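Heads up: the protein sequence lines correspond to chains P and A, in order.
Residue numbering for the first sequence follows the numbering used here, starting at 23 and increasing by one per position.
Residue numbering for the second sequence follows the numbering used here, starting at 23 and increasing by one per position.
FYI, nobody ran anything at the bench for these hints, they're computed from the structure.
Only a predicted model underlies this, so the values are computations on that prediction, with no experimental measurement involved.
Worth double-checking, as some hints may not be accurate.
Intra- or inter-copy, both count: the list cannot distinguish identical chains.
Below are the BS3-like pairs computed for lysine-lysine, each with C-alpha atoms no more than 27 Å apart in a straight line [said to hold, decoys possible]:
1) K283 - K75
2) K59 - K337
3) K187 - K247
4) K41 - K247
5) K330 - K248
There are 2 protein chains.
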Amino acid sequence: MRSKEKVQRLIYEILSILKERKHEGPQGARVIAKELKNRGFDIGERAVRYHLKHLDDKGFTKKPGSFKGRIITERGEEEVRNDLVGERVGFVIGRIEELIYKMSYDLESRKGEIVANISFLDSEDFEEAIITMQKVMEAGYSPSPLVKVSGEGEKIGHDEVPEGKVGVATVCSVTIDGLLAGEGIPVSPKFGGLIEIEDGEPRRFVDAISYRGSSLDPLEVFASKKMTSILNVLDTGSGLILANLRSIPISARTPALDLIKRAGEANFDGVMDVGAPAESLYGLPVEVNQVGLVVVGGMNPTVAVEEKDIEIETKPLELLLDISEMRHVREYV
Amino acid sequence: MRSKEKVQRLIYEILSILKERKHEGPQGARVIAKELKNRGFDIGERAVRYHLKHLDDKGFTKKPGSFKGRIITERGEEEVRNDLVGERVGFVIGRIEELIYKMSYDLESRKGEIVANISFLDSEDFEEAIITMQKVMEAGYSPSPLVKVSGEGEKIGHDEVPEGKVGVATVCSVTIDGLLAGEGIPVSPKFGGLIEIEDGEPRRFVDAISYRGSSLDPLEVFASKKMTSILNVLDTGSGLILANLRSIPISARTPALDLIKRAGEANFDGVMDVGAPAESLYGLPVEVNQVGLVVVGGMNPTVAVEEKDIEIETKPLELLLDISEMRHVREYV
Chain P
23 MRSKEKVQRL IYEILSILKE RKHEGPQGAR VIAKELKNRG FDIGERAVRY HLKHLDDKGF
83 TKKPGSFKGR IITERGEEEV RNDLVGERVG FVIGRIEELI YKMSYDLESR KGEIVANISF
143 LDSEDFEEAI ITMQKVMEAG YSPSPLVKVS GEGEKIGHDE VPEGKVGVAT VCSVTIDGLL
203 AGEGIPVSPK FGGLIEIEDG EPRRFVDAIS YRGSSLDPLE VFASKKMTSI LNVLDTGSGL
263 ILANLRSIPI SARTPALDLI KRAGEANFDG VMDVGAPAES LYGLPVEVNQ VGLVVVGGMN
323 PTVAVEEKDI EIETKPLELL LDISEMRHVR EYV
Chain A
23 MRSKEKVQRL IYEILSILKE RKHEGPQGAR VIAKELKNRG FDIGERAVRY HLKHLDDKGF
83 TKKPGSFKGR IITERGEEEV RNDLVGERVG FVIGRIEELI YKMSYDLESR KGEIVANISF
143 LDSEDFEEAI ITMQKVMEAG YSPSPLVKVS GEGEKIGHDE VPEGKVGVAT VCSVTIDGLL
203 AGEGIPVSPK FGGLIEIEDG EPRRFVDAIS YRGSSLDPLE VFASKKMTSI LNVLDTGSGL
263 ILANLRSIPI SARTPALDLI KRAGEANFDG VMDVGAPAES LYGLPVEVNQ VGLVVVGGMN
323 PTVAVEEKDI EIETKPLELL LDISEMRHVR EYV
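The following block holds chain P by itself, in its conformation from the complex (with noise of 0.2 Å):
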């Protein structure tokens, strides 16, 4: 890296930290410089100084006080948004290693935090749509059959659910890599893609986007493009479903078969298929040393409300739930 990225990078990385600790109020050049150490940043705290002072003057950062301790400002956050697409192609994969490596979910004890995407829709429309999902999450076609209902006013991660509205918590496919990764697996994502189901059976993916190439997540993009056709898989049992190619490392296949067993048992049942080692994996190419795990896509239940015509808004990779707080979908049935 040239020094002048590296300065860019410096500087994004400021800024990063400012961002994540806004709600903790001013971070001072200390901490700042601690948490730099922890990204590979080794600069002492009067270099950062001397940064926060240009990013003052840029106005990307102020000092609310007449303390030394910084916050980021809306121009800032834009900044550490659009900067660096370099860096965010590839930016869904940042994400999702965050999550797994955040997750405190324990497959012994069933207890802690998975990861979850929340969405929500028009409380007339919840009945049909927890149906729907139902039929999608007992099919197979979800990582779990466990979900969150929360009611207008009633908190759900961040956000209180608006009025008019119900939120409802799924349970998201990088659950399954963080199960992965808890048991010491290192799991890489590879692509999002749409998979053609025959007769109840995967045969191919038809379409995929590598989660390496792009600053888009590949399944909102196809779910976005309404490519899909769930209903179609569940009606006649062919069609076109979201799915993720992962990777494992080929001596961790074995690990792996026993933990999507147990894990199976715990409720959490989305791997799909396990590939032979360096076995491209229904037409995806799986590299050298590695195994392809075929996982079903978190968003399945709720694409498949929105081709029922029914508006509900979800934001994947939304945020980590305690699973004390889930419920088999049946129970909202």
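Starting from the known structure of chain P, arrange chain A on it as the hints suggest.
Just chain A now, kept in the frame of chain P:
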């Protein structure tokens, strides 16, 4: 490649050949074997006949008459579309490289075929639409101000313009790649994305998808997700438009700059910027030994029309069109 995959690939190629030659009527085993050889499959006529018989049984091909020649069926075309997504992750690039290779336009004589996108819209929307397209083109946010307009019943490309519709052919940005390739400058598509324009100047890519990692055309994704704000750019000088990042070898930078100048004089002025050697361009990475080129998206004029809530269906990378059939957009306003 294992033999099972080899056969699958061979069958895919046979179907592709029949699909490409659909308009030429039934194709015999000899022609197919010859074309297969061009594609690196050196198998005899008898082997081709053997596979064709299987394809007939599967309903992918059929004999239209008592001749030996086969044509592809609808099911067969569907099969080609869906098969080998592993190949098709990067499919768009294949299509682009094919068009670059086939396009015959010569900058000296200003004769030959360019690469065009085709759009269809309702006749009554035409006037407002063409005015919008002209604004986008004359503001420099399209690869060329040249268009072809066809009324109902007339042919545009392979299709006849349906009743009550108008067909509009616009210059695809791949034409610029073709001009570079025509002078022996190897150009490769890297990213399609959204570039932020500020006070009339490009500032940075805010989102991007790699051509190598996607089975969908990145620009079609951004267009269909309605993420652009081209009308804003026209009104206020600021907003988001579609653009590509291409790259060429460092050694080709000077000849490329010269070509871009001459191309501009011939109404092809789609290159927004040429980077410095090996330097990232507007936030997107460029490989060592390469120079980045930012080319405006050919769909900007039609996407701007969509932003006006006018229904317009656009097929990018649609066909090769003789330049003599095209006129400056202002002749239609």
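Comparing the hints with the structure gives:
1. K283 - K75: Intra 54 Å, inter 43 Å, cutoff 27 Å: neither.
2. K59 - K337: Neither, since 31 Å and 50 Å both go past 27 Å.
3. K187 - K247: both (24 Å within a copy, 25 Å between copies)
4. K41 - K247: between (30 Å within a copy, 26 Å between copies)
5. K330 - K248: both (12 Å within a copy, 22 Å between copies)
The structure does not agree with the numbered hints 1, 2 stated previously, though it agrees with the rest.
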